[in-house]
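Take the given structure of chain A and dock chain B to it, following the hints.
Chains as they are written, first to last, in our numbering: chain A, 1 to 343; chain B, 1 to 343.
Just so you know, these hints were derived from the structure itself, not from any lab. We put the CB at the ideal spot given by N, CA and C, even for glycine. Treat the hints loosely; a few may be bogus.
Computed from the model, here is a short list of chain A residues facing chain B with C-beta under 10 Å [said to hold, decoys possible]: (1) A30; (2) A197; (3) P206; (4) L252.
Cross-link-like lysine-lysine pairs, in silico, DSS-like; alpha carbons within 30 Å at most [claimed, not checked]: (5) K140(B) x K74(B); (6) K270(B) x K263(A); (7) K173(A) x K274(A); (8) K120(B) x K270(B); (9) K253(B) x K263(A); (10) K203(A) x K190(A); (11) K253(A) x K321(B); (12) K74(B) x K294(B); (13) K173(A) x K31(A); (14) K223(A) x K173(A); (15) K274(A) x K253(B); (16) K253(A) x K173(B); (17) K140(A) x K263(B); (18) K190(A) x K294(B); (19) K140(A) x K203(A); (20) K274(A) x K140(B); (21) K294(B) x K253(A); (22) K294(A) x K173(A); (23) K263(A) x K140(B); (24) K140(B) x K190(B); (25) K270(A) x K253(B); (26) K294(A) x K274(A); (27) K263(A) x K274(B); (28) K321(B) x K116(B); (29) K274(B) x K274(A); (30) K274(A) x K223(B); (31) K253(A) x K140(B); (32) K270(B) x K253(A); (33) K253(B) x K263(B); (34) K294(B) x K326(B); (35) K203(A) x K321(B).
For each label pair, taking beta carbons as the anchor points, the in silico distance ranges come out as [what the hints assert, rightly or not]: (36) S76(B) x R261(A): 53 to 61 Å; (37) E17(B) x K274(A): 44 to 52 Å; (38) N192(A) x G302(B): 53 to 61 Å; (39) S44(A) x E188(B): 45 to 53 Å; (40) Q200(A) x R80(B): 23 to 31 Å.
There are 2 protein chains.
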Amino acid sequence: MILTLALDAMGGDAGPEMVVEGASIALSQAKGISLHFQFFGQSSVVNAELIKFPDLFSVSTVFDCETIITNQTKPSLAVRSGRRSNMGMAIDAVAKGQAQAVISAGNTGAYMALSKVILKTLDGIDRPAIPAILPTINGKAVVLDLGANIDCTPENLVQFALMGEAFARRLLKIDRPSVGLLNVGSEELKGNATVQAAFQTLKEFPDLNFQGFVEGNDIAFGKTDVVVTDGFSGNIALKAIEGTARLIQHFLKEALASSLRGKLGYLIAKPAFKQLQMKGDPRRYNGAVFLGLKGIAVKSHGGTDPLGFSNAIGVAIDMIKHDFIKSVEDRLSLMTAKVEADL
Amino acid sequence: MILTLALDAMGGDAGPEMVVEGASIALSQAKGISLHFQFFGQSSVVNAELIKFPDLFSVSTVFDCETIITNQTKPSLAVRSGRRSNMGMAIDAVAKGQAQAVISAGNTGAYMALSKVILKTLDGIDRPAIPAILPTINGKAVVLDLGANIDCTPENLVQFALMGEAFARRLLKIDRPSVGLLNVGSEELKGNATVQAAFQTLKEFPDLNFQGFVEGNDIAFGKTDVVVTDGFSGNIALKAIEGTARLIQHFLKEALASSLRGKLGYLIAKPAFKQLQMKGDPRRYNGAVFLGLKGIAVKSHGGTDPLGFSNAIGVAIDMIKHDFIKSVEDRLSLMTAKVEADL
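Bound conformation, chain A alone:
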C-alpha cells in the first residue's frame, strides 16, 4: 500500500522541527505501508530539518508557499490567503487527489474554514464537526462536536448524530452504535429549544439506535457509544474532563507522597500506576478528524510534541485504510434514503 500524506509544515507551537520529527517517527512505525510525505511551508526551513532524517528525506517532497500561516496568524488572514498558504496548499493536495490526507497542527478555526471551502462537505452535511474518542467504564465513546461549531441549529445536531454514528460504526467497529443527546437531564422536557427540537427529529429517525438525552456524567459511564452536543458545551466539557483527570493524578501523587507508607506502596505498585498513566497520556489520543468533509483532514493539537504529531499521522493512515470517507458517505445516504422513503 502506497500512501501520500500532505503535512502543514509550519503549524503547531513548535513549528517545522516538531512536524518533521513527527513524520520521521510515523515513517519508522509504518508497517506494510510505503509512506510518502509532502511538506508545505517555507522550504529552506523545512529542508534544514529534513536533512537530519535521511530516511524521511528520501520519501519527501517540499513545496514552498507564497504565504505562511503560523499559529500566530489571525484566522481571517489565514482564510483570505486561501490556497496559496502552507495550510491551504496542503489541503488542496487532497482535493486534487495528489495526497490521501492532510495533517496540520495549525490554527483550528482557519484549518476548519479552509478545509470546508477546499474539500467541501458531504451531501446532507452543512458543517463539519470534530469528534473525540473518550475512555468510558465499558470501552470508548465518540463525543462531538468539540469546538468547531459554537452556535448550532437542531439540524446541525442531527447531522452530528448521523456522522458520529457512522464514525463509531466504522472506527470503533460497533455494530449498532447507541446515540445520546447531551443535556442537563435525561427527562424529555429538559433543556433548551435547540436540543428539544433535535430530540424530536432524532426520535423519529429510522434505523438509528437513539437513546434520548444523556447527562455529563453519562459520558464516562459509557451510557451511549455516541454523545452529541454543540461545540460550545462540548469544548467546555472535554476540557473540564481533561482538567479533572490531571487534578486527580495530582491529588493521588500528593496523597501517596504525604507518608512513608504511601511512598512505599507506590514503589511496590509502580507498574500499576504506569499502566494508569499510559491510559491517560494525552499524546496517545492526539489527532482529531474533521468529520463531514469530502476528504480526510486531521487536526493535531497545536502544543503537541513529535510523538503526539506522529499519532495524528497515525489517525490519518487509519482513516485511509478504513476507506473512511466512503463508508460515512454510504451510511449517510442510506439513512437519508430511508427518511425519504418514509415521507
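Leaving out everything else, chain B in the frame of chain A:
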C-alpha cells in the same frame, strides 16, 4: 445562638426517613448553637420518624400540609400548589421570619421557582443561580450557574459574576476573588454572542478582579476563584467532572487489582487512598445554596442519604452564621453604586 431551620420533610428520593435522620445527625453535630427544626409534610408520617430520635423530637415542630410535593410531583403542579405545599410552606417560614433558612432535597425546578416567588430576588438580580464549590490544584473555585438557568442573557452572566464574587469573598474568605468567564478559548474573540457581550460589560466593571475568558480545564487548574457560565454548559461541565472523577477511581482500582504487586502496594498505601477517597466523597459537598434570593434556601441532592442531608443543613447554618444574604446584598449595592457613579 438560637437557630430555627425549616425542612421540607417530604423531599428527596428517600423521603421523611432520610430527612429526619439527617436532622438528628445535624443536631448532634451542632456545637454552641441551639437548633430548632420545623418539619413541613404529612405530619403522621413525619411524627412516626421523629419519635425514633427523642433529642430531635424535643426541639422540633411538625406542620401538616394541604398538598404534598414529592420527587414524583410534576414541577408545574408543585408551583401551582404554591404556599400550601410542604415545599412552599417551608420556604414561607423563611419569608415570614419564622425560620432563618429552608432546606429541601425535593425537585430542583419547583424549589427554585417557589423560592423565587416567595423569597424574591435581591435588588439588581433577575434570576437566582446555583453555585458549586469545586476542588482545584491550589484550593477551591466557585462555579456558577449549575443548571438553574438554561438560557442566559449577557446580563444574567454579569449578575452571576457579581454574586459569585460576593460568595467567594464571604464563604471562601478570599480577599479579592478573581473572576473568569467560561468559554471555548481564552482569546478575546472566541465564543458566542452572549459571552462576548458579558465579557465587554465585566471588563469595564470597577472594583472587580475580572480575568477574562477561561477554559474548561482552568476550573481544575484554579486559574480563577470564580468561574461564570450559563446553566446549560455549567451543568454539563459539572456532571462531566463528576463522571471523570468516578471513572479514574475505577481505572485506579482496576490497575491495582490486576497484579499482586498492585494489590500489595494498595494495602501498604491504604491510608493515602482513604485520604484521596474522602476528598472525593460527594456527601461532603452536598448542599447548594440558591444565590441571589432575599432568604437562605439550600438544595440538597435528591438521592442523598442522612449524612449528606446533614451536610446540607450544615451549609445553611454556615450561611446564617456568616450573615450571608446581608453581605452579598452589601457587596452588590456597593458595586452597583460604583457603576452608577461612573456613568
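Original post:
Going back to the hint list, which numbers does this structure go against?
Top reply: 1, 2, 3, 5, 8, 11, 21, 26, 35, 38 and 39
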